[in-house]
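Student: Residue numbers (my numbering), protein chains in the order written: chain A, 25 to 267; chain B, 68 to 276; chain C, -2 to 219.
One or more hints might be untrue.
Here are some of the chain B residues that sit facing chain A, going by a computed Cβ distance under 10 angstroms [unchecked claim]:
#1 Leu72
#2 Thr108
#3 Arg112
#4 Ala119
#5 Gly130
#6 Gly132
#7 Leu134
#8 Glu140
#9 Ser147
#10 Ala149
#11 Leu226
#12 Thr244
#13 Ala248
#14 Pro257
#15 Leu258
#16 Leu261
Keep in mind the hints are simulated off the structure, nothing from the lab.
C-beta atoms are modelled at their ideal positions from N, C-alpha and C, and glycine is treated no differently.
Here is what each chain is made of, one letter per residue.
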Amino acid sequence: MRTDVEIVARRGPGGRTVLPVLRATGQLAVRRTGATTVHLVATAFGPLGGDDATIRIVVEEGATLGVLSVAAAIALPARGATTPSVQRIEADVEGSLDLRLEPTVVAAGAHHRAELVAGLGPHGQLTVTDQVLLGRAGEEPGRWTGTTRIERGGRPLLHTTVGLGTGEPAWLPPVAPRAYVSTVHIAETVHIAEEEVGVATGQDAVRLPLPGGWVTTAWGAELHRVVRAAAALAPAAPVRVPA
Amino acid sequence: MTAALLTLADSRLPAGGHAHSGGVEQAIAMGVLTDAGSLTTFLRRRLATSGAVAAGLAAAACGGGDLAALDAEADARTPSPALRAASRQQGRGLVRVGRRAWPSAAWDELPALPHHAIALGVAAAAGGLGPRDAAQAAAYLSVSGPATAAQRLLAMDPLTVAAITARLAPEVDDVATRAVADGLPAATDPLLDLLAEVHATRKDRIFAS
Amino acid sequence: MPPDHNLDDYVDAPGAHRHGGPLRVGLGGPVGSGKTALAAALCRTLGEEFDLAVVTNDIYTTEDADFLRRNAVLPDDRIEAVQTGCCPHTAIRDDITANLDAVELLEARHPGLELVFVESGGDNLTASFSYGLIDVQIFVLDVAGGDKVPRKGGPGVTAADLLVVNKTDLAPMVGADLDVMRRDSAAVRGGKPTLLISLRDEPTAAAVADWVREQIRVRVPA
Ligand SMILES: Nc1nc2c(ncn2[C@@H]2O[C@H](COP(=O)(O)OP(=O)(O)OP(=O)(O)O)[C@@H](O)[C@H]2O)c(=O)[nH]1
Ligand SMILES: [Mg+2]
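Looking at chain A on its own, in the form it has when it is part of the complex (with noise of 0.2 angstroms):
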């Protein structure tokens, strides 16, 4: 099944942030639920095996928006097929953009593909989480394929492809996590030294630069763990850790 989502955030009067177009077909759906933020809300179980999912975001110069979901998305196997479910984010910020989906868990035997192609203009920012669980409680780990893209002005930033979950060629014991927690932060300010931000590490989890921010990437057996470790290494922009 094919979902279409689509949010443009444009700065209104008095500074406000403005919704010109919010609209999404299949299933999901998209609500306004604050000043600056929208959720995503499923209307069905899934995404199944083949379902594809594409979520366009513009935020224009001056805006802030914050898209968030209501729950964990569960991807599980179609039955029958092998297609993984896939869901493309494709974000313009010339504004301030948080993206911070609640965690996929991907249930045995499914395989789920998320992108994540992000353009920022002079001025964008950028937060955006991924929270990953391979298999449900007491469950084999499914599979995960996570592609981030981000540049600025056509200039890559970052471009990195992991892959967790049986059949990934290097999710290999010892080191085969079954949770996954990876934020990146840029800022307005380009020209922040790398220095500024520098490298952090702890136990199974690292923080490297990018221009303008930083990304930290944490790994292991529980998603709460890694989410603290993953926070505990952000040197500025708040990440929610679930109670």
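Could you slot chains B and C with the ligands onto chain A? The hints should help.
Tutor: For chains B and C with the ligands alone, coordinates are given in the frame of chain A:
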């Protein structure tokens, strides 16, 4: 393929690779790599991630890609400062010997400290090789150097290590084929980032990376 | 299309890729023979006369570099330590990349550089420097290793531009006959010089410093 490929992938080519363990020294220190089995696993994950990316970059650089744009793509795929430094240091070493071995105007288009994979692509082109060859050399080098580093550090049986490397050949070929067919890969292994960054802070290391 | 393979275009005379630049002096020899002590002595003795720097090739730590910082009155930015990946002789002979990087870095940082010492990691008697890396090399032996060592030969002993037999103060303690060492060295070295010294008794290493001065003098075109 010409014999130039054998020279390019030869661990005896004096390009500085012998002082880099590709994360092996730190993997051993952290207990992730202890024996032949875990060495094989480590090499597989390296091949599938940084090996694939290097193969893609080398192929693109060999095929006449815009070297400055490829250098930016390499940076975007290598956010770890320690891994960037290791790559650029080895790139510089390869340029030094490559210029002498295969004189070509293409060397002058490279920055002073190019990423290793990009220098490898230029070397391949200068040596009369094609993108697939460049990808193969990059993929092979992503495991051959680390394998011998493990051999030295763990005093492993060199025959075992040679056998491990030899048996990875089909996977090396596969990575090279896909790097050429599917465009620039971006596969990454956060474990390698962590190993590289912790290693870089150590004072008691034998290898440069 | 493979390039036109004319070997003459590619292969130049040893060292011909270097024009001018500092004199590069290799310091090789077995573990503990006194390479770092000699480097420190030469830096102290020659430091006033020449703009100099040191590259160390420690096997495991930055011990040698740290010693030089303390004892050779050399500021940090004149000492570079390279990692050798378990193979100290590879780094000075077979794949000199890391050492060339270090030397070039020092040259770039100190444009007036006249003299660079490259200390190898302690190795065995077969270790010697590639002339792609250095201009002249000194091999440092230790009297305590036994008076048989020069007789055993090996590229380090036979081919080094200068053989230094250090720690002569220990000869009585270890029962080494210095005359035997002097005679055997002369026999295997085909006229190249050998100096017997004790850095303990004569910490300026004046004789070795004179030899280095001479190397700089003969190299600079009159
Ligand atoms: N008795 C005596 N000891 C000396 C002399 N020269 C050096 N030593 C000592 O020998 C030891 C080793 O000297 P180093 O200069 O560290 O030797 P090295 O060749 O640099 O050693 P590695 O770098 O570890 O191979 C030190 O404890 C020195 O103090 C000497 O002339 N006489
Ligand atoms: Mg020493």
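Student: Each hint needs a verdict: does it hold in this structure or not?
Tutor: Structure-based check of each hint:
1. Leu72: With a minimum Cβ separation of about 24 angstroms from chain A (threshold 10 angstroms), the hint on leucine 72 of chain B is violated.
2. Thr108: OK, holds: threonine 108 of chain B within 10 angstroms of chain A, min 5 angstroms.
3. Arg112: At about 4 angstroms, which falls below the 10 angstroms cut-off, the nearest Cβ of chain A leaves the hint on arginine 112 of chain B intact, so it holds.
4. Ala119: Check passed: Cβ of alanine 119 of chain B comes within 9 angstroms of chain A, closer than 10 angstroms.
5. Gly130: violated, 19 angstroms
6. Gly132: Hint on glycine 132 of chain B: violated, closest Cβ of chain A at ~14 angstroms, above 10 angstroms.
7. Leu134: For leucine 134 of chain B, the interface hint is violated, since the closest Cβ of chain A sits about 15 angstroms away, which is over 10 angstroms.
8. Glu140: Result: holds, 6 angstroms to nearest chain A Cβ.
9. Ser147: holds, 5 angstroms
10. Ala149: holds, 8 angstroms
11. Leu226: violated, 24 angstroms
12. Thr244: violated, 14 angstroms
13. Ala248: This hint is violated: alanine 248 of chain B lies away from chain A, its Cβ roughly 16 angstroms from the closest one there, beyond 10 angstroms.
14. Pro257: holds, 4 angstroms
15. Leu258: Interface hint status for leucine 258 of chain B: holds (5 angstroms vs cutoff 10 angstroms).
16. Leu261: Hint on leucine 261 of chain B: holds, closest Cβ of chain A at ~4 angstroms, below 10 angstroms.
This entry does not satisfy hints 1, 5, 6, 7, 11, 12, 13, going by the numbered hints stated previously.
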